[in-house]
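So the sequence lines, in the order shown, correspond to chains A and B.
Counting from 1, position 205 in the first sequence corresponds to residue 208 in the numbering used here; the numbering is continuous, with no gaps.
Counting from 1, position 69 in the second sequence corresponds to residue 72 in the numbering used here; the numbering is continuous, with no gaps.
Any given hint could turn out to be false.
Identical copies carry no separate label here, and so any pair may be met within one copy or between two of them.
Below are the DSSO-like pairs computed for lysine-lysine, each with C-alpha atoms no more than 27 Å apart in a straight line [as the list claims (entries may be wrong)]: (1) 37 with 157; (2) 179 with 145; (3) 242 with 157; (4) 145 with 218; (5) 178 with 234; (6) 218 with 133; (7) 231 with 91; (8) 218 with 91; (9) 205 with 91; (10) 37 with 179; (11) 204 with 91; (12) 205 with 242; (13) 179 with 103; (14) 12 with 235; (15) 218 with 242; (16) 122 with 157; (17) 12 with 103; (18) 218 with 103; (19) 242 with 37; (20) 91 with 235; (21) 205 with 235; (22) 231 with 12; (23) 103 with 204; (24) 133 with 225; (25) 218 with 157; (26) 205 with 133.
Please keep in mind that the hints were generated in silico from the structure rather than gathered at the bench.
Protein chains: 2
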Amino acid sequence: MQTNYQYDKQAISLDCVVFGFDGQSLKVLLVRCKHFSSEGSSIGNYKLPGSLIANNEDLDSAVARVMEKRIGMRNIYMRQMDVFSDPKRIQGEDLRLVNKHYNADLTRIITVTYISLVKLNNQMVSFALKNGAEWIDIDSVKRLALDHNNILIKALNHIARQLQQEPIAFELLPKKFTIRALRTLCEAIIGFELDSRNFRKKVLSSGYVIPTEEKEVDVSHKPALYYKFDKKLYEQEIKRRFKLSLRSW
Amino acid sequence: MQTNYQYDKQAISLDCVVFGFDGQSLKVLLVRCKHFSSEGSSIGNYKLPGSLIANNEDLDSAVARVMEKRIGMRNIYMRQMDVFSDPKRIQGEDLRLVNKHYNADLTRIITVTYISLVKLNNQMVSFALKNGAEWIDIDSVKRLALDHNNILIKALNHIARQLQQEPIAFELLPKKFTIRALRTLCEAIIGFELDSRNFRKKVLSSGYVIPTEEKEVDVSHKPALYYKFDKKLYEQEIKRRFKLSLRSW
Chain A
4 MQTNYQYDKQ
14 AISLDCVVFG
24 FDGQSLKVLL
34 VRCKHFSSEG
44 SSIGNYKLPG
54 SLIANNEDLD
64 SAVARVMEKR
74 IGMRNIYMRQ
84 MDVFSDPKRI
94 QGEDLRLVNK
104 HYNADLTRII
114 TVTYISLVKL
124 NNQMVSFALK
134 NGAEWIDIDS
144 VKRLALDHNN
154 ILIKALNHIA
164 RQLQQEPIAF
174 ELLPKKFTIR
184 ALRTLCEAII
194 GFELDSRNFR
204 KKVLSSGYVI
214 PTEEKEVDVS
224 HKPALYYKFD
234 KKLYEQEIKR
244 RFKLSLRSW
Chain B
4 MQTNYQYDKQ
14 AISLDCVVFG
24 FDGQSLKVLL
34 VRCKHFSSEG
44 SSIGNYKLPG
54 SLIANNEDLD
64 SAVARVMEKR
74 IGMRNIYMRQ
84 MDVFSDPKRI
94 QGEDLRLVNK
104 HYNADLTRII
114 TVTYISLVKL
124 NNQMVSFALK
134 NGAEWIDIDS
144 VKRLALDHNN
154 ILIKALNHIA
164 RQLQQEPIAF
174 ELLPKKFTIR
184 ALRTLCEAII
194 GFELDSRNFR
204 KKVLSSGYVI
214 PTEEKEVDVS
224 HKPALYYKFD
234 KKLYEQEIKR
244 RFKLSLRSW
């Protein structure tokens, strides 16, 4: 057999891109790492939270283990994204450091990536800080360890595409939010400024973003009304608009 | 560190679920395997086409290699499905046979699964037969090697869900098809019989399945008109019906 499998020198890992929104900016959970080098970073050496998969666990358990360590909760909803399998994704000095850290002699690591969206609060921010991690502004992310910038960019593109098809924005927002917060979030994900007047009009005519009785308090500008996302109305609206289901044929 | 990574005993494989439609029934490409046991199969021992990932290739190259071997083409469009990572997915006698085949001492194999949909023709059927594979009716699939029945079932559920959201049926059909062929295909994927009158009405009112000038020839029943799928009209229709895009906000 010509094909060289070299099955004894490869390992499988997982890496999680956890996005959080605090009402102001889109953030990503990063881990401070001492054992992987990365030059030229002005915010220190960071990587995505992740791990090699352990002997007796499946990927879901490994993801839960990593999330428990960095967020303090096992049951964070995760979607599987791509598998990064380029044999050269970790090489040279990076590979040497990984092998040193795991006391191993690996030639490659294939990583399964996950995306999660969470509503960020102060408690999570301080939990992360106490546990070797940090929520960092998407716009402030510099060079990450290994190929984690590639993974992050792919994840951002992924949610930007999803944003157009699914109500993922509301997974990142608190239950009550202003139209401005929703727009700020969409802009952060898409990477473009949106016209605020048209945005408001579109959102209010959507049929599933509905006003509450409450307004902002303690703000320097004119207090804005809080809105909420109505999942049932959303699903009705989707069904109404999108009657392409073959099951109903 | 308590966690046992045992990175030197695991391997990564890929398995492809390739669905084909010949106008009559939905089929799946299976490989005759001698080296993996599976009891009680009345159609012999079959598995999904797949392989361990080789040392110097990424997953896409490995998929292309497997497809070249069984279909004769490298560039089959594949979608990545789930990663099957249960540490116990291959055990006991199965694991022993896998290790014997690869001359290895693995304790687990994590597999990345792929789905493809192809228009099946006679050439592909005979190529498969000459190359250790076979296109087998979904309804005739018995027990497959390893956990490949689970993978196949998951893939079927996956395309049944997709069928409701995307025009995947037309990837399986020839350019010109009868409404009956489209219905037969949908029924095969969904696993239910559809009301033929309502089905026809729905399809014709879709706006993107349009009649050709041609009819069936050499058939015992009344020749039916051929239709075709108009991708441009489909995309326009989708845009019209589904104006939820946040990018347009």
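Check: Between residue 103 and residue 204, at a C-alpha cutoff of 27 Å, which is it: within one copy, between copies, both, or neither?
Finding: Neither, since 56 Å and 65 Å both go past 27 Å.
Item checked: Within, between, both or neither: residue 179, residue 145 at alpha-carbon 27 Å -> neither (32 Å within a copy, 52 Å between copies)
Checklist line | Intra/inter-copy verdict for residue 242 and residue 37 if alpha-carbon distance must be at most 27 Å | finding: Classified as neither: same-chain Cα gap 50 Å, cross-chain 49 Å, threshold 27 Å.
Notebook entry, point to check: At most 27 Å between C-alpha atoms: does residue 205 with residue 235 qualify within a copy, between copies, both, or neither?
Noted result: Both ways: residue 205 and residue 235 sit 19 Å apart in one copy and 26 Å across, limit 27 Å.
Note to self: Checking an output row: residue 145 and residue 218, CA cutoff 27 Å. Within, between, both or neither?
What the structure shows: This pair counts as neither: shortest intra-copy Cα distance 37 Å, inter-copy 62 Å.
Margin query: At most 27 Å between CA atoms: does that hold for residue 218 and residue 103 within a copy, between copies, both, or neither?
Written below: neither (55 Å within a copy, 69 Å between copies)
Checklist line | Within, between, both or neither: residue 91, residue 235 at alpha-carbon 27 Å | finding: neither (46 Å within a copy, 39 Å between copies)
Notebook entry, point to check: Are the CA atoms of residue 218 and residue 133 at most 27 Å apart within a copy, between copies, both, or neither?
Noted result: Neither way: residue 218 and residue 133 sit 34 Å apart in one copy and 72 Å across, limit 27 Å.
Item checked: Same-copy or cross-copy closeness of residue 204 to residue 91 [CA-CA at most 27 Å] -> neither (48 Å within a copy, 53 Å between copies)
Item checked: Intra- versus inter-subunit Cα pairing at 27 Å for residue 37 with residue 157 -> This pair counts as within: shortest intra-copy Cα distance 25 Å, inter-copy 41 Å.
Item checked: Alpha-carbon proximity between residue 218 and residue 91, which holds within one copy, between copies, both or neither at 27 Å -> The answer is neither: 53 Å in one copy and 54 Å across copies each exceed 27 Å.
Notebook entry, point to check: Checking residue 122 and residue 157: alpha-carbon separation at most 27 Å within a copy, between copies, both or neither?
Noted result: Close inside one copy (21 Å), not across copies (31 Å); limit 27 Å.
Checked against the numbered hints given earlier, the structure breaks hints 2, 4, 6, 7, 8, 9, 10, 11, 13, 14, 15, 18, 19, 20, 22, 23, 24, 25 and 26 and satisfies all the rest.
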